[in-house]
Each structure stands twice: as C-alpha cells, then as structure tokens.
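Novice: As they're listed, the protein sequences go chains A and B.
First residue of the first sequence: 1, per the working numbering; consecutive thereafter.
First residue of the second sequence: 1, per the working numbering; consecutive thereafter.
These are calculated hints, taken from the structure and not from any lab test.
Don't take each hint at face value.
Only some residues are given here: those of chain B computed to face chain A with a beta carbon under 7 Å [claimed, not checked]: (1) D74; (2) V103; (3) F121; (4) I257; (5) A265; (6) G267; (7) K271; (8) Y305; (9) A307.
Straight line, CA to CA, 30 Å or less: simulated BS3-like cross-link-like pairs of lysine-lysine [stated by the list, open to error]: (10) B/K266 with A/K61; (11) B/K131 with B/K357; (12) A/K152 with A/K172; (13) A/K148 with B/K287; (14) A/K271 with B/K247; (15) A/K222 with B/K271; (16) B/K266 with B/K201; (17) B/K53 with A/K148; (18) B/K376 with A/K207; (19) A/K260 with B/K131; (20) B/K266 with A/K152; (21) A/K61 with A/K184; (22) A/K260 with B/K266; (23) A/K172 with A/K222; (24) A/K172 with B/K392; (25) A/K260 with B/K392; (26) A/K148 with B/K392; (27) B/K395 with A/K61; (28) B/K247 with A/K148; (29) B/K277 with B/K266; (30) A/K207 with B/K395; (31) A/K152 with B/K247; (32) A/K271 with A/K198; (33) A/K152 with A/K222; (34) B/K53 with A/K222; (35) B/K266 with A/K222; (36) A/K148 with A/K172; (37) A/K320 with B/K53; (38) B/K287 with A/K61; (39) B/K138 with B/K247; (40) A/K148 with B/K271.
This structure is a prediction, so every number in the text was calculated from the model and none was measured.
Glycine residues also receive a C-beta, built at the ideal position from the N, C-alpha and C atoms.
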Amino acid sequence: MVKILAKRVSRQKQLLAASLALAVSCTLVGMSQVASAADGLPELEINEAKAELGKRLFFDKRISGDAAISCATCHVPENGYAHPDALSPGYPGNGHFRNSIGLINTAQKSIWLHDGRLGTNLNDVTREMITEDYIMNMDMRIMQERIKQDPKYLEMFEAAGYGEPSNGSVRKAIPEYLKTLASKGVPYDSGSMSDSAKAGQAVFAEKGCSSCHSGAMFTDGKAHNTGVPENHDIWLDPMNHQAFIAFTMFQGIENYMALKRDPGAHTQWKKADLSNMGTFQTPSLRELTQTAPYMHNGMIATLEDVVDFYNAGGGEDSNKDAAMRPLEMTDQEKSDLVAFLESLSGEALTGPEYVWSEAYPDEYPVIEDWLNQSN
Amino acid sequence: MSTLKQQSLSSLLTATFVIGAVAGMSAPVFADVGPAALAPLDSIAMPIPSDNKQTDAKIALGKSLFFDPRLGGDASISCSSCHDPEQGWAWSEDFSRGYPGTVHWRNSQTIINSQYMSRQFWAGSAASGEKQAPSAAKGGVAGNGENDIMEARLALIPEYVAAFNEVFGDEWPLIGNAWRAIASYERTLVQTDTPLDNYLKGDASALSEEQLRGKAVFEGKGGCIACHNGALATNEEYVNIGVPPNKRWEEDGLAQITFRFEQYAKGQTEKGYRSAKSDWGLYYRTKNAWDKGKFRVPSLRYTLYTAPYMHNGNYYTMEEVVDFYDAGGMDEEGRTTLFPENKDARIQPLGLSDDEKSDLVAFLEAFSGEEMIIDKPALPEYQALFTEAELKEVKK
Numbered sequence: 001m002v003k004i005l006a007k008r009v010s011r012q013k014q015l016l017a018a019s020l021a022l023a024v025s026c027t028l029v030g031m032s033q034v035a036s037a038a039d040g041l042p043e044l045e046i047n048e049a050k051a052e053l054g055k056r057l058f059f060d061k062r063i064s065g066d067a068a069i070s071c072a073t074c075h076v077p078e079n080g081y082a083h084p085d086a087l088s089p090g091y092p093g094n095g096h097f098r099n100s101i102g103l104i105n106t107a108q109k110s111i112w113l114h115d116g117r118l119g120t121n122l123n124d125v126t127r128e129m130i131t132e133d134y135i136m137n138m139d140m141r142i143m144q145e146r147i148k149q150d151p152k153y154l155e156m157f158e159a160a161g162y163g164e165p166s167n168g169s170v171r172k173a174i175p176e177y178l179k180t181l182a183s184k185g186v187p188y189d190s191g192s193m194s195d196s197a198k199a200g201q202a203v204f205a206e207k208g209c210s211s212c213h214s215g216a217m218f219t220d221g222k223a224h225n226t227g228v229p230e231n232h233d234i235w236l237d238p239m240n241h242q243a244f245i246a247f248t249m250f251q252g253i254e255n256y257m258a259l260k261r262d263p264g265a266h267t268q269w270k271k272a273d274l275s276n277m278g279t280f281q282t283p284s285l286r287e288l289t290q291t292a293p294y295m296h297n298g299m300i301a302t303l304e305d306v307v308d309f310y311n312a313g314g315g316e317d318s319n320k321d322a323a324m325r326p327l328e329m330t331d332q333e334k335s336d337l338v339a340f341l342e343s344l345s346g347e348a349l350t351g352p353e354y355v356w357s358e359a360y361p362d363e364y365p366v367i368e369d370w371l372n373q374s375n
Numbered sequence: 001m002s003t004l005k006q007q008s009l010s011s012l013l014t015a016t017f018v019i020g021a022v023a024g025m026s027a028p029v030f031a032d033v034g035p036a037a038l039a040p041l042d043s044i045a046m047p048i049p050s051d052n053k054q055t056d057a058k059i060a061l062g063k064s065l066f067f068d069p070r071l072g073g074d075a076s077i078s079c080s081s082c083h084d085p086e087q088g089w090a091w092s093e094d095f096s097r098g099y100p101g102t103v104h105w106r107n108s109q110t111i112i113n114s115q116y117m118s119r120q121f122w123a124g125s126a127a128s129g130e131k132q133a134p135s136a137a138k139g140g141v142a143g144n145g146e147n148d149i150m151e152a153r154l155a156l157i158p159e160y161v162a163a164f165n166e167v168f169g170d171e172w173p174l175i176g177n178a179w180r181a182i183a184s185y186e187r188t189l190v191q192t193d194t195p196l197d198n199y200l201k202g203d204a205s206a207l208s209e210e211q212l213r214g215k216a217v218f219e220g221k222g223g224c225i226a227c228h229n230g231a232l233a234t235n236e237e238y239v240n241i242g243v244p245p246n247k248r249w250e251e252d253g254l255a256q257i258t259f260r261f262e263q264y265a266k267g268q269t270e271k272g273y274r275s276a277k278s279d280w281g282l283y284y285r286t287k288n289a290w291d292k293g294k295f296r297v298p299s300l301r302y303t304l305y306t307a308p309y310m311h312n313g314n315y316y317t318m319e320e321v322v323d324f325y326d327a328g329g330m331d332e333e334g335r336t337t338l339f340p341e342n343k344d345a346r347i348q349p350l351g352l353s354d355d356e357k358s359d360l361v362a363f364l365e366a367f368s369g370e371e372m373i374i375d376k377p378a379l380p381e382y383q384a385l386f387t388e389a390e391l392k393e394v395k396k
C-alpha cells in the first residue's frame with residue numbers, strides 16, 4: 001500500500017525519520033526512502049512546506065513568459081497530469097511536437113522526457129520546461145521578481161526554509177511537489193487485481209513486454225524504436241512544425257529543415273549511422289488509464305490499439321528493435337493484457353491535496369513605502 | 001536673417017571641427033565656439049552601414065517584419081506594438097506597454113528619424129538599428145522572443161523564404177538578416193519637411209511670430225540649444241537633467257517587478273540591486289558613478305506626436321517639460337534626480353515668463369510636420385512545408 005505518509009507527519013517527525021535513516025545508512029543525502037512497498041514504488045519522503053509551495057507554483061500561470069499558461073496547462077490533473085491531445089499544446093504562439101507525459105510517479109524516474117535528454121534530476125527538467133521558448137518561454141529573472149511581488153509566496157518560501165524567493169528555489173520546490181504525485185489505489189500494488197488482470201500479467205511476461213517494461217516503474221530507462229508511425233500533424237500544422245524546427249535546430253540535428261521524422265534519442269547521441277533515429281524512452285506503464293493517448297506522439301488512442309500495435313510486431317522502421325515481432329495473441333490474451341495494464345493505474349489525483357485550489361491574485365500588490373524598502 | 005548668418009557661421013565651425021578631428025588635431029572645445037546651430041535634417045545624410053545597403057526589396061521586407069508579431073515570444077506583439085504609427089511610432093504611456101504579462105520601465109522612443117542617431121536606446125546600449133531590433137525583440141519585458149523559434153517561424157512563411165533569398169541569398173531565412181531588413185526599413189522613416197526645416201531652408205513664413213519668439217528663447221534665455229542642436233536637435237550626449245524617478249514605481253506592483261528585473265538584467269551589483277530606486281541610465285553601461293541618471297539627449301523632432309516625454313515618460317505635455325526646465329530640472333513638487341551630484345551644471349532655473357514659455361512650446365511644435373500614418377502591410381501567412389503525400393512517402 002503506497003501512501004504519502006510523510007505528508008501527515010509533522011516536520012519534527014520528518015527530521016527524526018531522516019536522522020534515523022541517516023543513522024542506518026550514511027549514504028543518504030537530503031532525501032530518504034523510508035519504506036518500500038512489496039511490489040509498489042519506494043515511498044519518498046516529502047517536505048510538506050516545500051511541496052505546498054511547489055503546488056502553488058505548478059498551477060500558477062505567472063511562471064510562464066506571458067503569464068498565460070501554467071505547468072498544469074499541459075499536465076492536467078484530470079488526465080493523470082498529461083494532456084488529452086495527441087500533441088501537447090505548447091506555448092501560446094506555437095504548438096508542440098510530442099505528447100505530454102503524465103507526471104504521476106515522475107519523481108521515481110532517473111531519466112526524463114521522451115528522448116531521455118535529461119538524466120540528472122527534476123530540478124533540471126523544471127528549468128527546461130519553464131525556460132524553453134516553445135514550452136513556457138520564461139525569463140527566470142522576471143519569474144523570480146514576479147514571485148517576490150506576491151506576499152503569499154514570501155510567506156511560503158520562508159516556511160519552506162528557502163528564505164528569499166529565487167529561481168533556484170522554484171526549481172527545488174516544484175520537484176518536491178511532484179513527489180506527492182504518487183500512484184494511489186493501484187490494484188497491482190495492493191494485490192487486488194482481477195483474474196483477467198492476473199492472466200494478463202502472465203501474458204505480459206510470456207510475450208516479452210517485461211523485457212523493456214521492467215522494474216517497479218515498468219521501464220528499463222532505455223530508448224528503443226518500436227516503429228510508432230509519425231504524427232503528420234507535426235508537419236502539416238506550421239504551429240507544431242515551428243516548435244519542432246526550433247527544437248531540432250537548437251539540438252544541432254543535421255539538415256533539420258528537411259527532417260520529416262522525430263529523431264527521438266538521436267538528439268542525445270547523434271550516432272553517425274543514424275541507428276538511433278526514432279528511438280524513444282520506454283515509458284512507464286503506470287497510470288495509463290488516465291493518460292491517453294499513447295506513445296511519444298500520441299498516435300495511438302486506446303490501450304486496445306496499443307496492444308494490437310504490439311501484437312502486429314510494431315510499426316515499420318529500419319531501426320526497429322529486434323525484439324519487436326508479431327506476438328500472435330488470442331483475443332482473450334489481448335483483453336487480459338489490457339486488464340493487466342489497467343490494473344497498474346490508480347485513482348485520479350485531483351483533490352485539494354494535489355491541486356492548488358485557492359485563487360491567485362488578479363494583480364500584483366504594490367510594495368508600500370517602496371522608496372524606503374530594500375529591493 | 002541673423003539666424004541664417006549664425007547658421008552658416010556655425011556650419012563653418014562644425015566643418016572645421018570635423019576636419020580637425022580627421023586630421024588628428026586636438027578638437028576644439030564646444031563651449032568655446034558655442035553649440036551647433038539648428039539645421040535642416042536633409043543637410044545631413046542618413047548613415048548607411050557598408051554591410052547593409054538599402055534596396056527596395058530589403059526595405060519592403062523590413063516593413064513587413066516590423067509589423068509582424070511572429071518576431072516575438074508568443075506571436076502577439078511586433079515592433080509596431082510599442083512603436084505604433086498611430087502613437088507617434090512610440091507608445092503613448094509613460095512606460096512602454098511591454099510584453100504581455102509585463103510592463104516596460106522606459107518610455108518608448110519614436111522610430112521617426114531614429115536611424116540618424118549614432119546609437120540606440122535611452123542609454124545608447126545598442127550601436128545601430130541592426131543591434132537595437134534584436135535587443136528589443138528578445139528582451140524579457142519587450143518582445144521576449146528567442147532566435148530559434150523566430151527563425152523557425154520565418155521558414156514556414158513562403159513569402160519570407162522567397163524574400164530573404166532574394167535580398168540576402170539565404171536558403172532559409174536567417175534571423176540576423178531580419179534585423180538588417182528592419183533597420184533598413186526604419187532608415188526610410190524620416191521627416192525632413194517640418195516647419196523648422198522649411199524655415200531654415202529659407203521660407204521665412206514657415207514659423208509664426210510666436211514661434212520665432214520661441215526660437216529666440218530656445219537659443220537664448222532657455223539655453224535649450226546647448227544640447228538640442230544641429231540637424232537632429234540633439235548633440236547625442238548623455239546628460240543628467242534632473243528628471244525624478246517615475247512615481248509609478250511606488251504605486252504599481254507590475255512596474256516594481258520590472259524595475260527589479262532590470263537591475264538584475266543590467267548587471268547591477270547586489271548592493272545596487274537592493275538599493276536602486278531610480279533608473280541609473282548610462283551607469284549600467286559604464287559602471288561609472290558619475291554616469292548615474294544620465295540619458296541620451298533625445299531629438300526634439302516629431303515630438304508633437306510622441307508624448308509623454310523623458311526617458312521615463314514623466315511628463316505628458318510640452319508645457320510640463322518647459323516648466324520642469326524653468327524650475328531648474330525639478331518637478332512641481334520639488335522632486336529631482338536621485339543623483340543630484342551628477343546633474344548637469346547647465347540645468348539652472350530659467351526665470352521664463354508665461355509668454356516666453358508659451359512661445360517656447362509653440363516653437364517646439366515646429367520640429368514636427370504632418371503626422372506620418374501609414375497603411376499597415378498585409379502579413380504573409382504560414383504554410384505547411386510538406387504535403388501529406390510527401391510525408392507518407394518517407395521511408396524510415
């Protein structure tokens with residue numbers, strides 16, 4: 001049973017728990033894993049004040065360049081913190097070229113984004129999302145000053161132990177909030193799977209799904225090419241294509257103007273033989289019922305279609321992973337497999353403990369007696 | 001008549017000065033010879049960079065780009081948003097409107113005649129129009145655009161692809177050439193037929209009696225000519241005339257955000273960031289204490305349409321501006337620059353009578369001709385680069 005226990009204990013108890021954990025293992029720095037569910041995900045210790053601050057920031061449109069979108073614009077709570085469109089909306093003035101990834105359990109990952117281009121931490125991912133011109137297009141110096149203009153933030157940064165608001169602290173607080181987006185009520189984790197799901201679990205192992213979708217997060221953390229068809233809306237809609245051009249130009253992809261396919265993880269390694277073109281990170285299979293459509297470009301609408309895609313041995317691509325081959329599943333096996341995949345999903349995280357529900361101020365309050373205040 | 005004599009004498013002195021400078025002789029001190037006289041704008045040539053010649057096609061492209069909001073962050077504002085032809089090719093509030101979600105912290109300056117100036121922006125931070133345009137298009141409280149997305153947008157507009165190819169030989173439009181085209185277009189936005197120009201070129205009837213009296217104040221008791229001289233009505237020096245901080249920083253949260261951001265963005269020290277309560281002007285470029293509160297002397301041309309005035313738009317009418325100078329660089333509440341030690345010694349109470357003030361204001365109007373309103377160009381549209389058939393043919 002996975003719970004965010006730490007959210008319910010006082011800071012004092014957290015400190016105690018941290019000290020105890022530290023006494024047990026001297027390798028822990030800052031964050032300690034206080035428990036490990038048998039088949040679920042390791043539980044993360046969460047600093048409540050920091051996470052609360054991160055929550056307010058996550059839903060705040062003022063942390064985008066023109067103050068028109070928040071993180072939640074593309075990572076919608078009702079959609080498992082993904083977006084129901086095949087391609088993420090992107091920043092106003094442009095579109096996007098990839099599907100928005102669900103954020104539930106994102107803190108359990110060690111590599112992020114469909115092409116895996118960030119493998120450090122969520123602090124870096126947060127920075128990239130806020131500052132990229134086709135995503136939130138925010139000059140973080142302006143963001144910092146906006147935050148300093150909101151007294152509620154001044155209180156919350158202080159309570160979180162960050163002191164004066166800074167863009168560095170924003171990049172810590174949002175990841176702390178993301179830790180709270182942990183699967184809840186997952187039949188697979190609680191051992192309450194249906195018979196069909198259990199049968200599907202056997203299919204999952206037998207048909208080789210688990211060779212890539214492995215571990216507690218059901219991903220090997222590697223990039224593969226499964227032959228997912230390109231989403232032509234990337235190129236047919238200039239709003240999307242401009243984001244794609246800007247991205248591939250910035251990533252140093254050769255001949256990017258002529259590119260008619262998503263290079264995927266090739267952006268990282270740029271192998272001369274192009275053998276990693278079209279490879280994408282194996283996604284987690286958790287919370288899929290909340291995060292349709294599927295694949296890096298949202299090309300597959302339902303889990304049934306996903307299973308059919310794999311059953312056919314994936315799509316066409318000269319770089320397609322050798323493990324991709326027709327699976328010859330029966331209808332029963334397919335529906336059991338879908339049932340298993342569904343059993344990896346839990347409840348929607350849409351309550352006030354996850355979603356910032358208070359209104360943001362319509363205007364930035366003025367700092368009174370400004371001439372006599374230190375900036 | 002005496003005006004004409006004075007003008008030719010002054011031209012002679014200016015010519016001597018230029019020759020002297022070229023010959024490497026020590027330049028004469030201006031104070032010794034008096035300021036350059038006002039001169040018709042067409043007496044000087046528009047400077048054209050040797051690497052960005054004017055062509056009709058380039059100017060036409062630059063005009064379209066000037067009005068195109070896709071050269072900005074969220075594709076909602078263009079150069080013309082803050083330099084609106086219907087607002088004097090400027091913005092008719094104290095601070096420029098800024099990027100959506102922000103407000104700027106300085107007054108938007110007119111584009112008209114701007115490309116005669118040797119540097120751009122209030123503190124001269126850009127050396128040319130080619131440098132000014134990207135700085136504005138990319139600045140966080142201005143266009144907030146980034147090169148890669150702006151360049152990507154241009155590539156998906158076939159008319160631009162063709163025009164950049166014709167004008168610059170670009171296979172795909174290069175963003176740097178967009179700024180060249182815009183600067184070329186801006187070099188065409190000049191006004192050389194103001195009443196003052198006509199008068200200086202011999203039409204004695206071009207100025208009214210009132211304006212002629214105002215001209216005498218301008219060149220005499222008012223001392224305006226000391227800085228507002230020559231064909232541009234500015235000597236392009238950086239001067240602290242005593243303009244006090246804009247009160248909006250005390251009253252408007254959004255303006256306070258930008259104020260701090262600018263300190264940060266312009267490389268203030270920690271101490272400066274904490275303590276600044278006004279725009280330090282030229283200091284941000286030089287980091288010399290004596291440059292705090294200095295701004296480039298603006299041209300007086302086209303000012304009939306460019307209110308409000310001063311680097312921070314503190315004054316909405318020319319009458320207020322004249323009162324400010326008459327009081328010795330002080331507003332009606334006695335507020336002045338936060339750096340009085342840098343205030344120019346030439347800024348002293350003038351003791352102008354009401355008649356002298358109104359004459360002066362009347363003369364200042366002679367620096368502007370007809371309002372230059374143009375039809376905004378129809379903008380070319382995006383078009384998909386590939387057809388569906390081409391996309392389907394791709395072998396992976």
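Novice: Each hint should be assessed against the structure and marked as holding or not.
Specialist: Status of each hint after checking the structure:
Checking B/D74 against chain A by beta carbon gives a least distance of about 4 Å; that is within 7 Å, so the hint holds. The closest approach between the C-beta of B/V103 and any C-beta of chain A is roughly 10 Å, which is over the 7 Å cut-off, so the hint fails. At its closest, the beta carbon of B/F121 sits 18 Å from a beta carbon of chain A; the interface hint therefore is violated under the 7 Å criterion. Hint on B/I257 holds. Least Cβ distance to chain A is approximately 4 Å, under the 7 Å limit.
Hint on B/A265 holds. Least Cβ distance to chain A is approximately 6 Å, under the 7 Å limit. The criterion of a C-beta within 7 Å of any C-beta in chain A is not met by B/G267, whose closest approach is roughly 11 Å, and the hint is violated. The criterion of a C-beta within 7 Å of any C-beta in chain A is not met by B/K271, whose closest approach is roughly 10 Å, and the hint is violated. For B/Y305, the interface hint is violated, since its Cβ never comes within 7 Å of a Cβ in chain A; the closest pair sits about 29 Å apart.
The beta carbon of B/A307 is not positioned within 7 Å of any beta carbon in chain A (closest approach about 25 Å), and the interface hint is therefore violated. For the hint pairing B/K266 with A/K61, the CA-to-CA distance comes to about 26 Å; that is within 30 Å, so the pair holds. For the hint linking B/K131 to B/K357, the alpha-carbon distance of about 38 Å lies beyond 30 Å, and the restraint is violated. Distance check on the hinted pair: A/K152 and A/K172 sit about 18 Å apart at the alpha-carbon level, within 30 Å; holds.
This hinted pair checks out: A/K148 and B/K287 have alpha carbons roughly 26 Å apart, not beyond 30 Å. A distance of roughly 58 Å separates the Cα atoms of A/K271 and B/K247; the hinted pair therefore is violated under the 30 Å criterion. Of the pairs offered as hints, the one joining A/K222 and B/K271 is violated, with about 48 Å between alpha carbons and a cut-off of 30 Å exceeded. At roughly 43 Å between alpha-carbon atoms, B/K266 and B/K201 are farther apart than 30 Å, so this suggested pair is violated.
A hinted pair counts as satisfied when its Cα atoms are at most 30 Å apart, and B/K53 with A/K148 does not qualify at roughly 47 Å. Taken as a hint, the B/K376 and A/K207 pair is broken in the structure, with Cα atoms around 64 Å apart against an allowance of 30 Å. Simply put, A/K260 and B/K131 have alpha-carbon atoms about 34 Å apart, too far for the 30 Å limit, and the pair is violated. Between B/K266 and A/K152, the direct Cα distance comes to roughly 28 Å. Compliance with the 30 Å bound is thereby established for this hinted pair.
The suggested pairing of A/K61 with A/K184 holds, with an alpha-carbon distance near 27 Å, which does not exceed 30 Å. Our distance criterion of 30 Å between C-alpha atoms is broken by A/K260 and B/K266, whose separation comes to about 41 Å. This hinted pair checks out: A/K172 and A/K222 have alpha carbons roughly 26 Å apart, not beyond 30 Å. Note on A/K172 and B/K392: the hinted pairing is violated, with a Cα-Cα distance of about 44 Å set against a maximum of 30 Å.
For the hint linking A/K260 to B/K392, the alpha-carbon distance of about 10 Å falls within 30 Å, and the restraint holds. Distance hint between A/K148 and B/K392 is unfulfilled; the C-alpha atoms sit about 51 Å from each other, more than 30 Å. Distance restraint check for B/K395 and A/K61: the Cα-Cα separation of roughly 41 Å exceeds the 30 Å cut-off, and the hinted pair is therefore not satisfied. A hinted pair counts as satisfied when its Cα atoms are at most 30 Å apart, and B/K247 with A/K148 qualifies at roughly 20 Å.
Distance check on the hinted pair: B/K277 and B/K266 sit about 14 Å apart at the alpha-carbon level, within 30 Å; holds. Note on A/K207 and B/K395: the hinted pairing holds, with a Cα-Cα distance of about 28 Å set against a maximum of 30 Å. Between A/K152 and B/K247, the direct Cα distance comes to roughly 25 Å. Compliance with the 30 Å bound is thereby established for this hinted pair. Note on A/K271 and A/K198: the hinted pairing is violated, with a Cα-Cα distance of about 41 Å set against a maximum of 30 Å.
The suggested pairing of A/K152 with A/K222 is violated, with an alpha-carbon distance near 41 Å, which exceeds 30 Å. Using a Cα cut-off of 30 Å, the hinted pair B/K53 and A/K222 is violated, with the two alpha carbons roughly 53 Å apart. In summary, the hint linking B/K266 to A/K222 is not supported, as the alpha carbons are separated by about 43 Å, beyond the 30 Å threshold. Note on A/K148 and A/K172: the hinted pairing holds, with a Cα-Cα distance of about 16 Å set against a maximum of 30 Å.
For the suggested pair A/K320 and B/K53, the alpha carbons sit about 52 Å apart, so the restraint of at most 30 Å is broken. Proximity of B/K287 to A/K61 is assessed by CA-CA distance (about 36 Å); at most 30 Å being required, the pair is judged violated. Taking the CA atoms of B/K138 and B/K247, the gap is about 27 Å. The hint holds against a cut of 30 Å. Proximity of A/K148 to B/K271 is assessed by CA-CA distance (about 17 Å); at most 30 Å being required, the pair is judged to hold.
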